[in-house]
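Build the full structure now, drawing on both the sequences and the hints.
The lines below spell out each chain.
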Amino acid sequence: MSNFTTHEFDVIVIGAGGAGLRAAIEASAQGVSVGLICKSLLGKAHTVMAEGGMAAAIGNVDDRDNWRVHFSDTMRGGQYLNNPRMAELHAKEAPDRVRELEAWGALFDRTKDGKILQRNFGGHRYPRLAHVGDRTGLEMIRTLQDYGIHQGIEVFMEHTVTRLLMDGDRVAGAFGYDRELGRFRVFRAGAVVLATGGIGRAFKITSNSWEYTGDGHALAYNVGAELVDMEFVQFHPTGMVWPPSVKGILVTEGVRGEGGRLVNKDGRRFMFDDIPDLYKNQTATDPEEGWRYVTGDKNANRPPELLTRDHVARCIVREVREGRGSPHGGVFLDIAWIKEKLPNAEEHIKKKLPSMYHQFKQLANVDITKEPMEVGPTTHYVMGGVRVDGDTQMSNVPGLFAAGEVAGGLHGANRLGGNSLSDLVVFGKRAGEYAAAFAKDKGRGALDESQVNDAATEALSPFDRPSGENPYTIQHDLQDMMQERVGIVRTEAEMAAAVDALGGLRQRAAGAGVVGNREYNPGWHTALDLANLLTVSEAVARCGLDRQESRGAHFREDFPAKDEGHAHHNTIVSRGDDGSMRVRREARNPLPEELDAIIKEMG
Amino acid sequence: MPEGTKVTFRVSRGDAQSSEFKDYTTEVTAGMVVLDAIHQIQAESAPDLACRWNCKAGKCGSCSAEINGMPKLMCMTRMDTIDTTQPVTVEPMRTFPRIRDLVTNVSWNYEVKKKIKPFKPRKPDAEDGSWRMHQEDVERSQEFRKCIECFLCQDVCHVLRDHHKHAEFAGPRFLIHTAQLEMHPLDTEDRLEQLKDEQNIGYCNITKCCTKVCPEHITITDNAIIPLKERIVDEFYDPLTKLFRIFKPKKKG
Ligand SMILES: Cc1cc2nc3c(=O)[nH]c(=O)nc-3n(C[C@H](O)[C@H](O)[C@H](O)COP(=O)(O)OP(=O)(O)OC[C@H]3O[C@@H](n4cnc5c(N)ncnc54)[C@H](O)[C@@H]3O)c2cc1C
Ligand code: SF4
Ligand code: SF4
Ligand code: FES
Chain A
1 MSNFTTHEFD VIVIGAGGAG LRAAIEASAQ GVSVGLICKS LLGKAHTVMA
51 EGGMAAAIGN VDDRDNWRVH FSDTMRGGQY LNNPRMAELH AKEAPDRVRE
101 LEAWGALFDR TKDGKILQRN FGGHRYPRLA HVGDRTGLEM IRTLQDYGIH
151 QGIEVFMEHT VTRLLMDGDR VAGAFGYDRE LGRFRVFRAG AVVLATGGIG
201 RAFKITSNSW EYTGDGHALA YNVGAELVDM EFVQFHPTGM VWPPSVKGIL
251 VTEGVRGEGG RLVNKDGRRF MFDDIPDLYK NQTATDPEEG WRYVTGDKNA
301 NRPPELLTRD HVARCIVREV REGRGSPHGG VFLDIAWIKE KLPNAEEHIK
351 KKLPSMYHQF KQLANVDITK EPMEVGPTTH YVMGGVRVDG DTQMSNVPGL
401 FAAGEVAGGL HGANRLGGNS LSDLVVFGKR AGEYAAAFAK DKGRGALDES
451 QVNDAATEAL SPFDRPSGEN PYTIQHDLQD MMQERVGIVR TEAEMAAAVD
501 ALGGLRQRAA GAGVVGNREY NPGWHTALDL ANLLTVSEAV ARCGLDRQES
551 RGAHFREDFP AKDEGHAHHN TIVSRGDDGS MRVRREARNP LPEELDAIIK
601 EMG
Chain B
1001 MPEGTKVTFR VSRGDAQSSE FKDYTTEVTA GMVVLDAIHQ IQAESAPDLA
1051 CRWNCKAGKC GSCSAEINGM PKLMCMTRMD TIDTTQPVTV EPMRTFPRIR
1101 DLVTNVSWNY EVKKKIKPFK PRKPDAEDGS WRMHQEDVER SQEFRKCIEC
1151 FLCQDVCHVL RDHHKHAEFA GPRFLIHTAQ LEMHPLDTED RLEQLKDEQN
1201 IGYCNITKCC TKVCPEHITI TDNAIIPLKE RIVDEFYDPL TKLFRIFKPK
1251 KKG
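Chains as they are written, first to last, in my numbering: chain A, 1 to 603; chain B, 1001 to 1253.
Wrong hints could be hidden among the right ones.
[Stated by the list, open to error] With a Cα cut of at most 27 Å, we get these calculated DSS-like pairs of lysine-lysine:
#1 A:Lys112 with B:Lys1120
#2 B:Lys1208 with A:Lys204
#3 A:Lys361 with B:Lys1208
#4 A:Lys115 with B:Lys1208
#5 A:Lys204 with A:Lys361
#6 B:Lys1208 with A:Lys92
#7 A:Lys115 with B:Lys1212
#8 A:Lys350 with B:Lys1006
#9 A:Lys351 with B:Lys1208
#10 A:Lys298 with A:Lys265
#11 B:Lys1212 with A:Lys351
#12 B:Lys1212 with A:Lys350
#13 A:Lys280 with A:Lys562
#14 B:Lys1196 with A:Lys352
[Claimed, not checked] Partial pick of chain A residues on the chain B-facing surface, computed with a CB cut under 10 Å:
#15 His150
#16 Glu180
#17 Ile205
#18 Ser207
#19 Ile249
#20 Thr526
#21 Ser574
It is worth saying that the hints were derived from the structure and are not from the lab.
Backbone N, C-alpha and C fix where the C-beta goes; we use that ideal spot for every residue, glycine too.
See below:
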């Protein structure tokens, strides 16, 4: 029998970003005991990196905004594959969640009359993003963290969960190790909330950190939970492209929200050349109107740089492919030009985009108040995730909940910027509330020691192969392969080849070895993460193959148009009894009459 | 520095008990930062070399280390700002106990924060539960809320680094945290006594070393510590204010 310590809680939350912290706070407020587990130190989760803002129809800047407009913007951005109930709840509850953050100490930027200021972002009809300069995620995570530490939640920092434990059909807890010494831990719980974030490390060029290995997706899938919409991976149009070591680091959409324009090497503002029909009547007809929009003219339409991310990313790829790109394979993003319009442009840019200013100055020797940036698409976010009930956030596995980026449904085929931070707190709260209720109602399940022993054996197996392959090499090869074959432009042949290649990588992963011991050994950690990366990569490739059309973030060169035949279903992934991955189509959630009416009315 | 130079990194490896410097040579290319070099060393020759990182863009405060003796974020230190004709030393922060290689045990910081009296807002100004605040009033606290908790200021402060007053002194990071709360336009709590007697702000002798290393360029000493010290003087040592306090128990700015 293996050596481990057991901790018992009513609810455990895996992940301490915005979603996990909010879930833990809520569960604790419901009077149950809560354990919160995260791979990094508290306050370092991905949420800390979010820049631009958090979407909520508070209507402080434009009083025409309300939840119905936000709802319809979200559905339109998601090409109507979203779970409409989630889009509805999100739009309705986001304002309260923003105000609640303020009550817990967050200090958002202000309007002239002292209210929370809101900024423009792609796909949002009105200025909607509450923000703090370009460090909104830091404000959110620090507020939740500083409030959360006084709520009686027990935190396990630098702990990694490698398996969920089951009692029959229901979840009974989780197994993991502490990174410091490599000791095994068993968390027994009545309900488990997954809040582990995304999968971006499956690709080479990414804005995501080492944490984003799709752990939550894989943990859920392995115990029978369904995943939904996994073909939809968001490639953010503007990542850094130079120098090579910073390739992929995000350049916030806030730059475009403040008036930044995209130009090719000939100086042409190419976004005006291709405006999708769905957005024709919401987009500016010339640069002058675009500028009026970003400076608050309510009668102007937004500039085409603020179209949805999938579209902007594809336009950039087109410019580069057709030979009109910048020297390092991107295009130019220019905010310095606003000095033609504003006398104090330099100060204005530094004030509105301070971390972008520093990031470019320090990492690329570029002064964004004087020269344009070079940018290109970077893997950013996964719309797909654990399929959950819209109200409770419970998956099809009883007692297993998911919230935040790891959950699927809210964003459909494409997420609007700013809709993630609001997602985290709206559905984090709901997941915490319903997980607590489940745990109160059902109590804790039984622990099955054989599952624990299995998990321990599996976790230690890389040590049996000290001369096995270096896990970093396998991870790099996987990232290269996915970037090339299942990236922003996809085809049948490439994705089929990817599925094959994943088989080979899986075999190599089974032979990965580690040197050293169990104490804070990143080689070991990387070896253990490989299995999850392989699972989510396979899900992306297989769902991508199944969707023979282009929609939202999923672009097929061999099927470049939208196809009505694919407009009415979501792609569902589950694990077959033989362990193989099953993909099936399921009719999308029905749209209730009153929501349908809103969409029709908003045009 | 020419393209593709081989550079030697002298990395401190070991745990709480023992450590030694080990040399690793790796190729440095345009635009690389120290964290890239460490990752390259992991991939090429030392997969078990422990370090922390997340964002690679100076936003999370995970990758703090001492590079050629200077406390820095590894992800924001470009190789072309370092003399590479000599081996580049990379060591963990010295003020905290080492776990392994470049990873230190910073849990003390989390305990210090937990003891600080939390945010306590005044009643909402509007019916919908919201408040009115003006931009110029939130900016003071916003400066301190930029902190990414890299703990480099804690690392460099001599009260902690040389005199090991961890049990008595909160350190610059938590003095600005307290300042942020004290200057928060909505907060109604009073933390001056705590600052004086538990956090021992008096131990700080304004050397400004913390301000110099802060990667977020927070003016820790001038904007936070000095004003707090002044408030304490006003509150506890100025006889006039003391008299005044009898009639007006709480004063907030
Ligand atoms: C650079 C950048 C900028 C962005 N800007 C914006 C923006 O302006 N607006 C917006 O709305 N969105 C933005 N996003 C997206 C948004 O930040 C993320 O989608 C969101 O923060 C995810 O939050 P989360 O709570 O789901 O997960 P995270 O914050 O990523 O937290 C995941 C947590 O799970 C833990 N974890 C993972 N696996 C395990 C495991 N196996 N065991 C234990 N713990 C585990 C991690 O340690 C971490 O604590 C941005 C993203 C990036 C990368
Ligand atoms: S100014 Fe004070 S807090 Fe900062 S390093 Fe010097 S003694 Fe420490
Ligand atoms: S104040 Fe500056 S140096 Fe200190 S922890 Fe915060 S960001 Fe780091
Ligand atoms: S990795 Fe985040 S600050 Fe360096």
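Verification of the hints:
no., hint, in the structure
1, A:Lys112 with B:Lys1120, "holds, 25 Å"
2, B:Lys1208 with A:Lys204, "violated, 41 Å"
3, A:Lys361 with B:Lys1208, "holds, 25 Å"
4, A:Lys115 with B:Lys1208, "violated, 36 Å"
5, A:Lys204 with A:Lys361, "holds, 24 Å"
6, B:Lys1208 with A:Lys92, "violated, 48 Å"
7, A:Lys115 with B:Lys1212, "violated, 34 Å"
8, A:Lys350 with B:Lys1006, "violated, 37 Å"
9, A:Lys351 with B:Lys1208, "holds, 25 Å"
10, A:Lys298 with A:Lys265, "violated, 32 Å"
11, B:Lys1212 with A:Lys351, "holds, 21 Å"
12, B:Lys1212 with A:Lys350, "holds, 21 Å"
13, A:Lys280 with A:Lys562, "holds, 17 Å"
14, B:Lys1196 with A:Lys352, "violated, 36 Å"
15, His150, "holds, 5 Å"
16, Glu180, "holds, 6 Å"
17, Ile205, "violated, 13 Å"
18, Ser207, "holds, 9 Å"
19, Ile249, "holds, 5 Å"
20, Thr526, "holds, 8 Å"
21, Ser574, "violated, 31 Å"
Figure legend: structure checked against the earlier numbered hints; hints not met, in rising order: 2, 4, 6, 7, 8, 10, 14, 17, 21.
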